[in-house]
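Read top to bottom, the protein sequences are chains A and B. Numbering follows our numbering, in which position 65 of the first sequence is assigned residue number 65; successive positions increment by one, without gaps. Numbering follows our numbering, in which position 94 of the second sequence is assigned residue number 94; successive positions increment by one, without gaps.
If you are wondering where the hints come from, they were derived from the structure by calculation, not from laboratory data. Certain hints may be false.
What the hints assert, rightly or not - No more than 25 angstroms apart at the CA atoms, straight line, and that leaves these computed lysine-lysine pairs for DSS-like:
id	chain 1	residue 1	chain 2	residue 2
1	A	82	B	7
2	A	88	B	17
3	B	40	B	118
4	B	21	A	44
5	A	78	B	105
6	B	40	A	89
7	A	88	B	7
8	B	169	B	118
9	B	21	B	105
10	B	17	B	7
11	B	40	B	21
12	B	40	A	82
13	B	7	A	89
14	A	78	A	44
15	B	40	A	88
16	A	89	A	78
What the hints assert, rightly or not - Among chain B residues calculated to face chain A with C-beta under 7 angstroms, some are:
id	residue
17	43
18	55
19	136
The beta-carbon is built from N, C-alpha and C at its ideal position, and this holds for glycine as well.
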Amino acid sequence: MDNEPNIIAFCCHYCAFTAADLAGTMRQQYPPNLRIVRLPCSGKVDVNLILQAFVEGADGVMVAGCEIGSCHFIEGNKRAVKRVAYAKKLVEEAGVNPARLEMFHIAASQGPLFARTAHEFTEYIKKLDAEAAEVPLATAAVDGESA
Amino acid sequence: MIVAERKPFEEIYECVKRHRKVLLLGCGTCVTVCMAGGEKEVNVLANQLALAARDRGDDVEVMEHTITRQCDDEFFDEATMKKVAEVDAVVSMGCGVGVQFCAAKFGDTAIYPGLNTKFYGATLEQGVWAERCAGCGECVLGDFGGVCPVARCSKSLLNGPCGGSADGKCEVDPENVDCAWQLIYDRMERLGRLEELEENRPMKDWSTNRDGGPRTVTREDVKL
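Only chain A is shown next, with the shape it has when bound in the complex (with noise of 0.2 angstroms):
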């Protein structure tokens, strides 16, 4: 398991969260690696949230909420993506590629696509890390070259 990535998500209670359950009613599979954060709505994510995520080992964040215009708390979506872009230019100061953080709509009848987007997601996950894990090997090549 060294190889693969960990992905935290979080996700609104109102749909993504039930759009994973169903995911598992409907017996469809999506990758171990994601961890699921309950979240009251999308817009209860915080920069911090997401940042500590990031210090404390996730590879990935995904942010996922109810499709614009049918959020529980009105608006709380429209907070959550205003939020993500925020996180995005935090973690990107601080050295993180942030395309390792997304957000989504996913809304609580659409078990199948949260399935599909968590694979995406965890596959552009391991895409990354192999991209990032290929530089040093290529400075090695080089290197070896040289000598």
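Add chain B to chain A, keeping to what the hints say.
Coordinates of chain B only, in the frame set by chain A:
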């Protein structure tokens, strides 16, 4: 309140990386309200520094602490001073006043500012703060309907407006800056005091402003 903005991350990191153990000291008053240097912002910066230090292979340990006010002696309690004694440097997340107060309090511990202090301002809406007072030392708001020509006119004109006023906006930044003199005129008209603006005001005594050097206010009756 005093409004400030956090310094760019790289500028702070350059200071922090010179030390092994650093305390981020937040301030619970003005800069908490303007979301620049309170407990939460201290936490954000600590997380960013931890990520950056790991990414760059620097050995920096970051501690966090926030006190009620950095410009008052009484809030520098024993617990705070104990934390300061444990570190090589402090990043003050207070305004410029707080940073200097810390520098005076902390003796030989290095101190760095984490914020750029901007102005005395008001919250227009969540996330938007605007300058309202310039601390000139001799308030003239009573003569101008409660709109300050010193802080809000780009030229601090006491006999305005100038030719740069158009459609109620200031030529310096027509999109974001209202012409203070348009606001003064509108307000005085509403108060039925327009004729007062006909009088030319003599030159203001700027010696009560910064022009008279650093200022001190002393109240003998409340001194201990």
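Quick rundown of the hints versus the structure:
1. A:82 with B:7: holds, 21 angstroms
2. A:88 with B:17: Measuring from Cα to Cα gives roughly 23 angstroms; hence the hint holds.
3. B:40 with B:118: holds, 20 angstroms
4. B:21 with A:44: Violated. Residue 21 of chain B to residue 44 of chain A sits at ~32 angstroms, over the 25 angstroms cutoff.
5. A:78 with B:105: Violated. Residue 78 of chain A to residue 105 of chain B sits at ~44 angstroms, over the 25 angstroms cutoff.
6. B:40 with A:89: holds, 17 angstroms
7. A:88 with B:7: holds, 17 angstroms
8. B:169 with B:118: holds, 22 angstroms
9. B:21 with B:105: holds, 19 angstroms
10. B:17 with B:7: holds, 16 angstroms
11. B:40 with B:21: holds, 20 angstroms
12. B:40 with A:82: holds, 17 angstroms
13. B:7 with A:89: Distance of about 14 angstroms is within 25 angstroms: holds.
14. A:78 with A:44: At roughly 11 angstroms apart (the allowed maximum being 25 angstroms), residue 44 of chain A and residue 78 of chain A satisfy the hint.
15. B:40 with A:88: holds, 17 angstroms
16. A:89 with A:78: Answer holds: residue 89 of chain A to residue 78 of chain A is near 17 angstroms, not above 25 angstroms.
17. 43: At about 5 angstroms, which falls below the 7 angstroms cut-off, the nearest Cβ of chain A leaves the hint on residue 43 of chain B intact, so it holds.
18. 55: With a minimum Cβ separation of about 3 angstroms from chain A (threshold 7 angstroms), the hint on residue 55 of chain B holds.
19. 136: violated, 36 angstroms
The structure fails to meet hints 4, 5, 19 from the earlier list, while all remaining hints are met.
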